[in-house]
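Peer 1: Chains as they are written, first to last, in my numbering: chain A, 34 to 153; chain B, 7 to 111.
Calculated from the structure, these hints are not laboratory results.
There could be a bad hint or two in this list.
[Stated by the list, open to error] List time: in silico DSS-like cross-link candidates among lysine-lysine, alpha-carbon distance up to 30 Å: (1) A:76 to B:111; (2) A:98 to B:48; (3) B:111 to A:109; (4) B:111 to A:98.
Remember, predicted model here, so these are calculated numbers, not experimental data.
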Amino acid sequence: EVQLLESGGGLVQPGGSLRLSCAASGFTFSTYAMSWVRQAPGKGLEWVSDISGTNGNTNYADSVKGRFTISRDNSKSTVYLQMNSLRAEDTAVYYCAKDHRVPGRYFDYWGQGTQVTVSS
Amino acid sequence: DIQMTQSPSSVSASVGDRVTITCRASQDISSWLAWYQQKPGKAPKLLIYGASNLQSGVPSRFSGSGSGTDFTLTISSLQPEDFATYYCQHSFPSAFGGGTKVEIK
């Protein structure tokens, strides 16, 4: 059974940093791209970042480029999101999501989400 | 960047109704489109990928169509468990539509 378990969320002051983790199990982690998607309170879904399974290529939304860094440790089946220079508008539930097996960036499994609140 | 626009933003419907949701891409995206269902407090669930392929385990009352810039998600006979918010997503780079809330009439 595929499971994705996010952790690391919490309350942080503007300008601060957080590191989110997503521990995966139930599939061959290293062969799948992984993504982070967020949802601000009462708002829609926003793709944040993704990282390929094989060569580690990364992509970022313009809203987080230069502030967030996605990485993965295939030996631990874990993907990370390092978030620096946090702003109030980064407040959201952050989900990690696994790529579908078919070509394309479709998310067939999601974690339960971790809340990030940026506030003084 | 590709923008995804959904309509309507909300729809009121009754059990048994046929519901159609539209998603428009700002440029040609071929069939690189997915549809998700999200219920309050829960993670999204993949329904359709590649514009028209039903994800394993998803009831056949859900169907997707379209290519290029215009896409639709159809629920042929709305069931009580289908009241939720639906999102379209362009595959790569990922971009979500604004969502369509399906409410009880």
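Peer 1: Please go over all the hints and tell whether each is borne out by the structure.
Peer 2: Now for the hints, and whether the structure bears them out:
no.	hint	result
1	A:76 to B:111	22 Å, holds
2	A:98 to B:48	27 Å, holds
3	B:111 to A:109	48 Å, violated
4	B:111 to A:98	42 Å, violated
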